[in-house]
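A.B. asks: Residues per chain are reported as follows:
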Amino acid sequence: MTALHWPWSFLDIAPTQDRKLIREAYSRRLKALDHDAETEAYMALRDARDAALSGHFLCAPATGDEDDFGLGELSSDEEADAEETRQFTSEAEEKPVFTVEYNDEDDRRFQRVVDLFLQDGALTSEEAEELERHIDALFDDDRMADLGHYARVESWLAQLLADRFPRGAEFFPKAAEYFNWSERAHELGIHPAIPWLVNADEGRRVLSAIATPGHVYHREWVELSRGKAKGPLWTRGIDNPRMANLIATVRRDYPWLEQEHWQPELVARWEKKVEGGSVKGPGLWTWVALAIFALSGIGRLVDTDSSRIDHNPAALAALHTAKADAHIASFIETEFPDAQADGRSVETLRSKSPKTFAALHKVASDFDTLDEARNRIMMREITELYYLIIDKLPYEDQVMDAKLRATTIQKMKSHPRGCAEFIRNPRTYLRQGNSAGLLSPEYRYQIFSTVHDHYDDREWALVPKRAEIPGELVGKLVRRSGVPEERLGAVLRSRESPDEDVCRVIGSFYELLTEIPAKEADKILPAIL
Amino acid sequence: MIVGIDLGTTNSAAAIFENGQTRLIPNALGDLLTPSAVAILPDGTTLVGKPALNHWVLKPGEAVTSFKRFIGTNRMIKIGRYSFKAEDLSAIVLRSLKEDVEAATGQDVTEAVITVPAYFNDKQRKATRRAGELAGLKVARLLNEPTAAALAFGIADREDREPFLVFDLGGGTFDVSIVEMFDAIVEVRASSGDNRLGGDDFTNAIVAHWAANNEFPSDVRRNLLDARLFRGADTARRMLTDHTEAHVALTLSDRQFDLAITADQFETLVASLLARLRDPILRSLRDSNLRIEGLSDIVLVGGATRMPVIRKAITKMFGRFPNHVVHPDHAVAIGAAIQAGLVARHAALDEVRLTDICPFTLGIEVTEYDSHGRLRDGLFSPIISRNSPTPISRTNNYSSMSDNQAHIKLNVYQGESREVANNILLGTMEFPIPKKPAGQVSIDCRFTYDSSGMLDVDVTIPETGETRSMLIADDSEGLTTEQLEARRDELAALKTHPRDIAENQYIAGWAARLYEEFIDERREHVARMLLHFEGVLETQDPRAIDEARGAMASALKEMEQDHRL
Chain X
1 MTALHWPWSF LDIAPTQDRK LIREAYSRRL KALDHDAETE AYMALRDARD
51 AALSGHFLCA PATGDEDDFG LGELSSDEEA DAEETRQFTS EAEEKPVFTV
101 EYNDEDDRRF QRVVDLFLQD GALTSEEAEE LERHIDALFD DDRMADLGHY
151 ARVESWLAQL LADRFPRGAE FFPKAAEYFN WSERAHELGI HPAIPWLVNA
201 DEGRRVLSAI ATPGHVYHRE WVELSRGKAK GPLWTRGIDN PRMANLIATV
251 RRDYPWLEQE HWQPELVARW EKKVEGGSVK GPGLWTWVAL AIFALSGIGR
301 LVDTDSSRID HNPAALAALH TAKADAHIAS FIETEFPDAQ ADGRSVETLR
351 SKSPKTFAAL HKVASDFDTL DEARNRIMMR EITELYYLII DKLPYEDQVM
401 DAKLRATTIQ KMKSHPRGCA EFIRNPRTYL RQGNSAGLLS PEYRYQIFST
451 VHDHYDDREW ALVPKRAEIP GELVGKLVRR SGVPEERLGA VLRSRESPDE
501 DVCRVIGSFY ELLTEIPAKE ADKILPAIL
Chain G
1 MIVGIDLGTT NSAAAIFENG QTRLIPNALG DLLTPSAVAI LPDGTTLVGK
51 PALNHWVLKP GEAVTSFKRF IGTNRMIKIG RYSFKAEDLS AIVLRSLKED
101 VEAATGQDVT EAVITVPAYF NDKQRKATRR AGELAGLKVA RLLNEPTAAA
151 LAFGIADRED REPFLVFDLG GGTFDVSIVE MFDAIVEVRA SSGDNRLGGD
201 DFTNAIVAHW AANNEFPSDV RRNLLDARLF RGADTARRML TDHTEAHVAL
251 TLSDRQFDLA ITADQFETLV ASLLARLRDP ILRSLRDSNL RIEGLSDIVL
301 VGGATRMPVI RKAITKMFGR FPNHVVHPDH AVAIGAAIQA GLVARHAALD
351 EVRLTDICPF TLGIEVTEYD SHGRLRDGLF SPIISRNSPT PISRTNNYSS
401 MSDNQAHIKL NVYQGESREV ANNILLGTME FPIPKKPAGQ VSIDCRFTYD
451 SSGMLDVDVT IPETGETRSM LIADDSEGLT TEQLEARRDE LAALKTHPRD
501 IAENQYIAGW AARLYEEFID ERREHVARML LHFEGVLETQ DPRAIDEARG
551 AMASALKEME QDHRL
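Heads up: the protein sequence lines correspond to chains X and G, in order.
Per my numbering, the very first residue in the first sequence carries number 1; after that it's consecutive.
Per my numbering, the very first residue in the second sequence carries number 1; after that it's consecutive.
Calculated from the structure, these hints are not laboratory results.
Just so you know, even glycine gets a beta-carbon here, dropped at the ideal spot from N, CA and C.
Warning: the hint list may mix true and false statements.
[Said to hold, decoys possible] Now the stretches of chain G that chain X is said to cover, found in silico as 3 or more residues with beta-carbon under 8 Å:
(1) 67 to 74
(2) 176 to 189
(3) 315 to 325
(4) 344 to 357
[What the hints assert, rightly or not] Straight-line distance between alpha carbons at most 27 Å, and here's what the computed DSS-like set of lysine-lysine pairs gives:
(5) X:31 to G:435
(6) G:138 to X:392
(7) X:411 to X:355
(8) X:392 to G:409
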């Protein structure tokens, strides 16, 4: 942890907004060191002071339950307590703090801004004007004078949002869209409120996706959040690499999801199992006990205690096999009419790509009826697998993919935001099912047949590594696409707000990809996939 | 002992910290300021200060002034049959100041805090440091001039102060710093400046004006004319401090010229120079996130700030009158002496701390592909951004550009422009890297900028663990100790007079200069006095010489003043 994260320990004082206290602490610490010689210590101290004075330290978001983010004010005692706790648990997440106070007048305006944002449908021109006026009034204030540039002023509004609305509130997406925050997060990141809000919103969306049965990580999620810690892990029928990936991803990106939803005890056990490799299977004594149970027939009694899914996946799977097979067969038949002719069926899937089959099987078990939702979720499952392996496939497959993407993007031109999201992260975009009508049947079939043919028993890396685009090659490609230079740069850096240009650029990018020599294209593909 | 030295473009001064306070040290002539001028006579005799300045007006080829403008460059400055770099000439001035301090205190002076304009670049700083070493001084610290002035201003009463602005317009450089004081910590928040703007430019504006409006005789040697005109213009500029009009009589080839300038004319002449003051001020305010109203004081430093046009401009710009608490000519030397006291850990300064910043951005040249895939080279990648507190150490990571690239050439630049062509090249280093596909070899480039404003560059190749430090290709850099010794001996071989003889020399030189400037009976009068004085010198009677010198000095002074009006 650096002074920018938690300045108070460097200054050796309790968190405060009193400038004099902060400066005195700085003075004390400075005089205790030889700042000309102890460069690192001095740099850290300066950072700490500046962070403390500005309130712009990069503290992580708050931990507690959502009630804390409501309108309720902490009493001064509670505040003192809270501060004490913060000091002892400096690793803990911290709600962003900002130095500007807001008053009743701001409150009123702010509420009106919120109302305008939250109302259904598009704003009329008068309403848009009113919104602008309120926002301008909020920004155009003496208290902002020392804040300097616009970005900070904007982050002040973000601070209001963070204060008044629980994590992931409905309000956020609209405000974020209005101010274009997610695209500019890097520039506004100076104040923690915006990254905090962006992260909260992303996490909320991840949560809603993952909590839907059929999501590829749904099982693992449920396992960690169901709240039943009993029983040995090895009987749960959980995919270990997937579990490891889930834990790592959530830890890295949305640590608060873990705190809010998971059972610490279970997480700890799973972590040990998937990482340490020590708890791989039952110990000798368990085997002995099991043997005894099996022999004596007492084993059945144990099942009554907990759900059958947990305790005997094999038996459960056997129960469902027939039905699941039928689901998969029906899925292939309705979605991919050409499959039969190409010799791809549920049987060949089972033999050529047991992993895909197993994944679909798990999903299929959750469905009773043969409907569209099932097809969509199965498609999503396959797409997920597809994007795990696409950058490791033979060149021809990758070129085919690029072509299909190009046509997809052409189709999405009128829908810039979706198009941009597809370009930036096709995996997530498709996984969330946003694309139902967008992928051409050819593309879907390409996805299916690739997974069918290639997703065998090999070890596929779970998270594809992002490669840098070799500049020279990008240059060649881009020169031929003939799009204005400044737009192109912005598109390649993926920071510009999505619009038709973005789609056009990336579309022609993919087109070009299919024309250049295999060797060169090979280098670029991993980077843009 | 450690001495604080203000090594200025026009004037230099030395001060020490003793018994809990600062003391300015007078030179052999009893002046607190020593003009930064050096003359070397054909016989190798060296004159420093006022005598050199007099000599310059007589024989411009044998003396130089304002050479600080060329410090850090390889330009050779010719003096008679000798030729020197600016740092050598600075060393000669420093040595003279060192001797003054030794004479005044009776102690050996071994170390010095030398001030430099805040906006001096790395080359200029390194050259200044070498000048100190050539003069036999260990340079304990290079201190930014406005920072020194701020120290002098702030330490006076040690009260907490809201941010104040130091406006330092010297002979050749212009600096602005924004400084804050809290709990005896003097903290520089931002500095900016213009390396090529100073009082000399204002004088040159007058020279240009006169040259354009007069037909000067063509048989006068060019550099002599320049020197005489410059001197006259400088006199006129100073006169404009108290008068609305200045007249200077100049005798060239037995012709008398009455050169005049009025305050109004002057103001029009320097309008463009005054406009150049604005940018550094605005930039430093912006960088420290302040508005003009947020400044608690404007502190003026540097002789050139005496000019009424400057004061008027400042009053107009800031909407208030500047502070006159510090002596504009002495503040920097006094600040340097305080820093010397800090370095020596003087008990009286126990609680005082000074934190300075790096006033410009430092980085390296990089090549990038633009969005059309064209190579854009000559782009600047900043590593330490301006106004970062010093000392500071920052690392950036860069990677190779082409497949199988065998070398990386690192060009270190200082400046604010995105294109390195507009920035200042500080040095170059080239080193081999492992051959790999493009982008796969990375290097960590670490910039360390210390409290004296010296930059160290280290490069590490993580793959091989190899580390290299900057070897600047500039040939004057990285002198070995032996080379330094040799240069020092070379300079030491130049003869200087004992202190009292220097004084006599000065008086004689002054008289000779006046002789050239006057004609007719005044000239005769000077000639008679000079003859008499030379006669007394022959007797070698110290008391008689002292007396004659005193009488002569007051007579010359009187004549010169008459002449001016």
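A.B. asks: The structure should be examined with respect to each hint, and the outcome stated for every one.
C.D. replies: A quick look at each hint next to the structure:
| no. | hint | in the structure |
| --- | --- | --- |
| 1 | 67 to 74 | violated (count 0) |
| 2 | 176 to 189 | holds (count 4) |
| 3 | 315 to 325 | violated (count 0) |
| 4 | 344 to 357 | holds (count 3) |
| 5 | X:31 to G:435 | violated (49 Å) |
| 6 | G:138 to X:392 | violated (63 Å) |
| 7 | X:411 to X:355 | violated (32 Å) |
| 8 | X:392 to G:409 | violated (36 Å) |
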